[in-house]
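A.B. asks: Residue numbers (the numbering used here), protein chains in the order written: chain W, 69 to 421; chain H, 69 to 421.
Check before you lean on any hint, since a few could be wrong.
No distinction is drawn between identical chains; accordingly, a pair holds when it is met within one copy or between any pair of copies.
With a cut-off of at most 27 Å between alpha-carbon atoms, the simulated DSSO-like pairs for lysine-lysine come out as follows [what the hints assert, rightly or not]: (1) Lys-285 with Lys-228; (2) Lys-285 with Lys-181; (3) Lys-88 with Lys-100; (4) Lys-292 with Lys-101; (5) Lys-329 with Lys-100; (6) Lys-357 with Lys-320; (7) Lys-285 with Lys-408; (8) Lys-318 with Lys-285; (9) Lys-320 with Lys-88.
Just so you know, these hints were derived from the structure itself, not from any lab.
Protein chains: 2
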Amino acid sequence: MDLNDRKFKILEAIITDYIKTAEPIGSRTIAKKYDLGVSSATIRNDMSDLEELGLIVQPHTSAGRIPSDRGYRLYVDKMMQSQELSPEVADLLHNVVENNIGQIDYLMQQTAKALAALTNYTIVVTEPKSQKLSIKHVQLVPVDERSVVAVIVTENKSVKNHLLRVGSVPDIEQLNNISQAINAAIQNYSLQDMESIASAMLQAHPENRELVTKLLKAILTAVKQNDNVHYYTSGVNNILGFPEFSDVEKAKSIFRALEEKDMLITLFDKNGEHNDEVHIVIGGENNMKELQDCSIVRADYSYGNDSYGTIGVIGPTRMNYSQTVSVLSAIIKNLETVIKSISDGKNKEGKNG
Amino acid sequence: MDLNDRKFKILEAIITDYIKTAEPIGSRTIAKKYDLGVSSATIRNDMSDLEELGLIVQPHTSAGRIPSDRGYRLYVDKMMQSQELSPEVADLLHNVVENNIGQIDYLMQQTAKALAALTNYTIVVTEPKSQKLSIKHVQLVPVDERSVVAVIVTENKSVKNHLLRVGSVPDIEQLNNISQAINAAIQNYSLQDMESIASAMLQAHPENRELVTKLLKAILTAVKQNDNVHYYTSGVNNILGFPEFSDVEKAKSIFRALEEKDMLITLFDKNGEHNDEVHIVIGGENNMKELQDCSIVRADYSYGNDSYGTIGVIGPTRMNYSQTVSVLSAIIKNLETVIKSISDGKNKEGKNG
DNA sequence: GTTAGCACTCACAACGATTGAGTGCTAACA
DNA sequence: TGTTAGCACTCAATCGTTGTGAGTGCTAAC
Numbered sequence: 069m070d071l072n073d074r075k076f077k078i079l080e081a082i083i084t085d086y087i088k089t090a091e092p093i094g095s096r097t098i099a100k101k102y103d104l105g106v107s108s109a110t111i112r113n114d115m116s117d118l119e120e121l122g123l124i125v126q127p128h129t130s131a132g133r134i135p136s137d138r139g140y141r142l143y144v145d146k147m148m149q150s151q152e153l154s155p156e157v158a159d160l161l162h163n164v165v166e167n168n169i170g171q172i173d174y175l176m177q178q179t180a181k182a183l184a185a186l187t188n189y190t191i192v193v194t195e196p197k198s199q200k201l202s203i204k205h206v207q208l209v210p211v212d213e214r215s216v217v218a219v220i221v222t223e224n225k226s227v228k229n230h231l232l233r234v235g236s237v238p239d240i241e242q243l244n245n246i247s248q249a250i251n252a253a254i255q256n257y258s259l260q261d262m263e264s265i266a267s268a269m270l271q272a273h274p275e276n277r278e279l280v281t282k283l284l285k286a287i288l289t290a291v292k293q294n295d296n297v298h299y300y301t302s303g304v305n306n307i308l309g310f311p312e313f314s315d316v317e318k319a320k321s322i323f324r325a326l327e328e329k330d331m332l333i334t335l336f337d338k339n340g341e342h343n344d345e346v347h348i349v350i351g352g353e354n355n356m357k358e359l360q361d362c363s364i365v366r367a368d369y370s371y372g373n374d375s376y377g378t379i380g381v382i383g384p385t386r387m388n389y390s391q392t393v394s395v396l397s398a399i400i401k402n403l404e405t406v407i408k409s410i411s412d413g414k415n416k417e418g419k420n421g
Numbered sequence: 069m070d071l072n073d074r075k076f077k078i079l080e081a082i083i084t085d086y087i088k089t090a091e092p093i094g095s096r097t098i099a100k101k102y103d104l105g106v107s108s109a110t111i112r113n114d115m116s117d118l119e120e121l122g123l124i125v126q127p128h129t130s131a132g133r134i135p136s137d138r139g140y141r142l143y144v145d146k147m148m149q150s151q152e153l154s155p156e157v158a159d160l161l162h163n164v165v166e167n168n169i170g171q172i173d174y175l176m177q178q179t180a181k182a183l184a185a186l187t188n189y190t191i192v193v194t195e196p197k198s199q200k201l202s203i204k205h206v207q208l209v210p211v212d213e214r215s216v217v218a219v220i221v222t223e224n225k226s227v228k229n230h231l232l233r234v235g236s237v238p239d240i241e242q243l244n245n246i247s248q249a250i251n252a253a254i255q256n257y258s259l260q261d262m263e264s265i266a267s268a269m270l271q272a273h274p275e276n277r278e279l280v281t282k283l284l285k286a287i288l289t290a291v292k293q294n295d296n297v298h299y300y301t302s303g304v305n306n307i308l309g310f311p312e313f314s315d316v317e318k319a320k321s322i323f324r325a326l327e328e329k330d331m332l333i334t335l336f337d338k339n340g341e342h343n344d345e346v347h348i349v350i351g352g353e354n355n356m357k358e359l360q361d362c363s364i365v366r367a368d369y370s371y372g373n374d375s376y377g378t379i380g381v382i383g384p385t386r387m388n389y390s391q392t393v394s395v396l397s398a399i400i401k402n403l404e405t406v407i408k409s410i411s412d413g414k415n416k417e418g419k420n421g
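Required output: the full structure, derived from the provided sequences and hints.
C.D. replies: Listed below in structure tokens is the structure:
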């Protein structure tokens, strides 16, 4: 069976209508609302064919049709028109990135928040994560008489604080000396060779054994923490706004799924490398049964050379794919442009290793 | 009308039963379940009296009784037995604090999470906030060729990072010099006198005008940000578990309320100073209409000398007050003990100003 | 003060009838 | 061969009716 132009139009009508109303669409509605020049009986015949192809389904005998996962898939792959963003929205997205680019965690949070507000769906943003992590710089900063913060800057520009509690805190000069020494040691030895770094450090600063030991431990923790995916969510409650989730049990199971970290790993599983496309996973195409009624639109953004994160939009299968893809592409582009403009200096000067 | 012993017992029966089941309790149920030695008719008479006093209400004519806000209030103030925590729970609470005391944001998050898991209610924790904020130490740390992190340590031991983007980043030695200079300047002038600090700094480091300007701005932001209440929530979804909120609209309105920052300010409004009591606000006693079906149990914890935060537990009016108060008191005690043990050195040595 | 007994109330569930949106099929038409 | 009008059929949703049972308030007697 072939899909002629009219059948495509009917499928599109069903999908766009259903996205708007969440109600099954009947043949008469299509005949009246869309000017196809044929009667409802003809549309009925076409709908029967579309159903045979598995593109639409009937919730029950005496109801209209709604799109199936396969129907959405065809729509998304072949029929969907890309949507122009309004200048206001484009501006808003640009500003979110521009204003928060300095603080990576703020940036992630604000990005998620803005996308949630714009799309009305649920947003998950993962922090950029580098494949190979290396420590770039370490600095000790005094906090009070018993604690020092180790500020650890990694190659992929994440800045993390680790508070170290010690018996007594050396003065600032000494802290600077230790900081300098650890930076030198990290340059000289590979991070794998913690033994050598430790012994070198302890030899040079025997009077601050406790501090140095804890510092090294913090650095190890930082390296290990890199394996943890940090992520931010926003708009989780938007789920409750959709009639398909007005059943509390359904909403709860989705919430539970979104709370689990492993879920995200499954969901955002790259099956390989970062790439530039926007990925769409529709309904049952993902294999988590709690999210079978949801679709996920996601895209990676690169952050520096080999570091990247993911932004995912989670909504009902009946989501506005076209708008979502536009907004997502726009924010990714903004992120990458601004990030690139910052790190441009780096390649030219090429000082640091 | 007076409340004799039996009436108290009946009220208590109604409250404890309703907390468990969320169903109205009838006179026969009480007669059977609680051995009061009187018939249901007698209990009926007493219940009628309790209703006249406004301590219980009937949802409709042919239903049992449920406690009113005033009933809960009487129970909480006069009748409630304090509950011993099991050693496991006590241990868990202790460990949460002990293991995370170093990183204040982690500590808040983990505390909220643990309480949410233990109580099954919604937890809101505000970061400790000082009345008067002063900057204790500033340190610049290089990130890449275009950016520097300003690590700002405040008197109440919060450590915040601000990323500064500049045309070119001076070498580490210079960064240390500038850090030292700003620390000195902050010591010499009051923070109110930013003018003087700025001119002194710019005079001393004219070649890093951009960096110094941005640094000063970051410091100002840090001071201002202190006015913002930072808070962490956990267990928001627990709301959906309670039958009284199984109506999606109700749940949504509560979620919306919890999302609003101003709500918290209203909710946690201290009407004055920090004190040691656990406060309980029952149902309509708070004046936010979205939360009229919720109760709030909250307590302040002090963090250092004049800095304190608040932990709030939000649940249905039908919440287990006794357990909640126990858990909350325990975590507050843990927090304060551990915090005190850390800062003990401070008062003895009394070095820094 | 307590209790048994009884009439009364009212939410809730079950049932059946009605409605209406929507379909599939058939026969006729271009 | 594609299109259409017409008609019988299906079935979720709505609505009124009825029965049921948990629970009350009142009264009279103990």
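A.B. asks: Next step is simple, just say for each hint if it's right about the structure.
C.D. replies: Here is how each hint holds up against the structure:
Proximity of Lys-285 to Lys-228 under the C-alpha cut-off of 27 Å is found in both arrangements, the shortest distances being 14 Å within a copy and 22 Å between copies. In this assembly of identical chains, the alpha carbons of Lys-285 and Lys-181 lie at most 27 Å apart only when taken from different copies (25 Å versus 35 Å within one copy). Only within a single protomer do Lys-88 and Lys-100 lie at most 27 Å apart by alpha-carbon distance; the minimum there is 17 Å, versus 55 Å between protomers. For a Cα distance limit of 27 Å, the shortest separation of Lys-292 from Lys-101 qualifies neither inside one copy, at 58 Å, nor across copies, at 56 Å.
Proximity of Lys-329 to Lys-100 under the C-alpha cut-off of 27 Å is found in neither arrangement, the shortest distances being 47 Å within a copy and 47 Å between copies. For the identical chains of this complex, Lys-357 and Lys-320 are neighbours both inside a copy (13 Å) and across copies (24 Å), given an alpha-carbon limit of 27 Å. Within a single copy, Lys-285 and Lys-408 get their C-alpha atoms only as close as 33 Å, which misses the 27 Å cut-off; across copies the closest is 25 Å, which meets it. Taking the closest pair of Cα atoms, Lys-318 and Lys-285 never come within 27 Å of each other, the shortest separation being 44 Å inside a single copy and 48 Å across copies.
Proximity of Lys-320 to Lys-88 under the C-alpha cut-off of 27 Å is found in both arrangements, the shortest distances being 24 Å within a copy and 21 Å between copies.
Checked against the numbered hints listed earlier, the structure breaks hints 4, 5 and 8; every other hint is satisfied.
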